[in-house]
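Visitor: The primary structure of each chain is shown beneath.
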Amino acid sequence: MLREVGHDGKVLAGGQSLIPVLNMRLAQPAHLVDINGISGLASVEVSDTAVRVGALVRHAALEREASARHTLPLLSQALGNVAHPAIRNRGTTVGSIAHADAAGEMPAVAVLTAAVIEAVSASGTREIAAADFFQGPLETTLAEDELIVAIRFGTFPAGTRTAFLESARRQGDYALAGVAAALTVADGVVGRALASFVSVTDVPDILDLTEAVRGQEPGGIDWSVVDDLVQGHVSPEADIHATADYRRALVGELTRRAFARTAAPEVSA
Amino acid sequence: MTTTSFSSTGAEPFAADASIEPLLSISLRVNGAQHSAMAPARRLLSDFLRGELGLTGTHVGCEHGVCGACTVLFDGEPVRSCLMFAVSAQGHDVTTVEGLGNDPSHLSPVQQAFAECHALQCGFCTPGFLTTITAFLEQHPDPTPDEARECVSGNLCRCTGYQNIVKAVLRAAELRREAGAGEAWAAGASEAAKATRAAEEGTR
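Sequence order for the protein chains is A and B. Residue numbers for the first sequence, in my numbering: 1 to 269. Residue numbers for the second sequence, in my numbering: 1001 to 1204.
To be clear, the hints were calculated from the coordinates, so they are not data collected in a lab. Just so we're clear, the structure is a prediction, and the values are computed from it rather than from any experiment. From the three backbone atoms N, C-alpha and C, an ideal C-beta is built for every residue, glycine too. Where hints are given, some of them may not hold.
Said to hold, decoys possible - So the derived label-pair ranges between C-beta atoms look like this:
#1 A:28 x B:1177: 44 to 52 Å
#2 B:1142 x A:25: 40 to 48 Å
#3 A:122 x B:1029: 24 to 32 Å
#4 A:132 x B:1180: 24 to 32 Å
#5 B:1147 x A:186: 44 to 52 Å
#6 B:1180 x A:143: 31 to 39 Å
#7 A:27 x B:1092: 43 to 51 Å
#8 B:1034 x A:1: 29 to 37 Å
Said to hold, decoys possible - Which chain B residues stay away from chain A? Per the calculated CB distances, all over 12 Å, these:
#9 1020
#10 1056
#11 1077
#12 1080
#13 1098
#14 1122
#15 1170
What the hints assert, rightly or not - To give a feel for the contact side, a few chain B residues facing chain A, derived at Cβ under 10 Å:
#16 1027
#17 1066
#18 1136
#19 1155
Could you build all of it, start to finish, from the sequences and the hints given here?
Guide: Below, the structure written as structure tokens:
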């Protein structure tokens, strides 16, 4: 069906980004293809290497999924920041990534976890790496006759701890800036430090901060060393809520705090 | 595909006209009663509840998911009824603010708390707060003040400044506990809902 109407159609899953756009008449597609009736798209499958999230899994359902939270804590760390509960009850994680809003949390998570996007069309299936998926704000490499049926979020190597931090004017609003951070420690020292960002880059991408901290004991690192690297990497824009400079300074500080959190000793429950 | 433009200048903006666009029969359960009505596929759930079903307790504020006034419980969970099509609710269960209790002498804990704490002024946003808080307290029966504030962060109120709404969340939690986790109220509410349903059916 997408082959017939894809040029003038949109896929409707949770609709929490699409329907506002329609309500405000910013887009007027002639056709909406509602996938909510398709069975088999609402499952979460967890393996050692990936958490596979179907196209109809709501943010709230993924957030509640204990095995996903255990295997890839970054998912629930980020999901708690996606809008408000009433939106998470309806909006889907896959849809949020397909929407590719630079202010969305889950595109940043997809990139940092080296997620694989499973797309299906009448001519077959295709797998797209998250790094190749995002082209620009709201633009992806998905063809108009393709449907994402699931996304596989990759797991991190053993010894990795993650954090997700963002700052918004009100809990649940679009973030002024946000960061997903992953710190991998092997033999007691930093082996790898990666970050991706929300609202401050056109397209979510990974900033590799490993060289700044490689080989150091995580507890002893002064994480302000990442500040300049982060501020040099991002390209925020100004809007009514904050200037570009403010966002740049904010994301530097958020990244410092996020890594400090991943490096902090495990808090026993 | 027929393209249509929605005109709000007509005397009956919700009058569905099959000569303009195809109409679908939509059946769903609202506040415990089965309802069906004809509406075009593009009809939002919020407009369907208000226009086709006449349940005007659900208020429509921003129509893009920001203000929270149109929040209803969809299969028990809060959702924005302005961000769903009515056809998507086919066969599902919806609770609107009317379903939380329509009897002034038997208010639900959240309604009672709003009255006690002066948590509303003009009342426009109130239906969305009541549905959101009712669902929140089911999951978090004993919230901290911070959790109470976060619970209403998705709803806008332009009158109260929120302080009394946050107080009302905490007071409602207290009332629920006093009533034994809401059981006493639930029993009463189900009686009230039956009475409302009977009255509604009487008017048809």
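Visitor: Take the hints in turn and mark each one as holding or not.
Guide: Hint by hint, here is what the structure shows:
{"no.": "1", "hint": "A:28 x B:1177: 44 to 52 Å", "verdict": "50 Å, holds"}
{"no.": "2", "hint": "B:1142 x A:25: 40 to 48 Å", "verdict": "44 Å, holds"}
{"no.": "3", "hint": "A:122 x B:1029: 24 to 32 Å", "verdict": "37 Å, violated"}
{"no.": "4", "hint": "A:132 x B:1180: 24 to 32 Å", "verdict": "57 Å, violated"}
{"no.": "5", "hint": "B:1147 x A:186: 44 to 52 Å", "verdict": "38 Å, violated"}
{"no.": "6", "hint": "B:1180 x A:143: 31 to 39 Å", "verdict": "57 Å, violated"}
{"no.": "7", "hint": "A:27 x B:1092: 43 to 51 Å", "verdict": "26 Å, violated"}
{"no.": "8", "hint": "B:1034 x A:1: 29 to 37 Å", "verdict": "31 Å, holds"}
{"no.": "9", "hint": "1020", "verdict": "16 Å, holds"}
{"no.": "10", "hint": "1056", "verdict": "19 Å, holds"}
{"no.": "11", "hint": "1077", "verdict": "4 Å, violated"}
{"no.": "12", "hint": "1080", "verdict": "6 Å, violated"}
{"no.": "13", "hint": "1098", "verdict": "18 Å, holds"}
{"no.": "14", "hint": "1122", "verdict": "21 Å, holds"}
{"no.": "15", "hint": "1170", "verdict": "17 Å, holds"}
{"no.": "16", "hint": "1027", "verdict": "15 Å, violated"}
{"no.": "17", "hint": "1066", "verdict": "8 Å, holds"}
{"no.": "18", "hint": "1136", "verdict": "8 Å, holds"}
{"no.": "19", "hint": "1155", "verdict": "8 Å, holds"}
This entry does not satisfy hints 3, 4, 5, 6, 7, 11, 12 and 16, going by the numbered hints stated previously.
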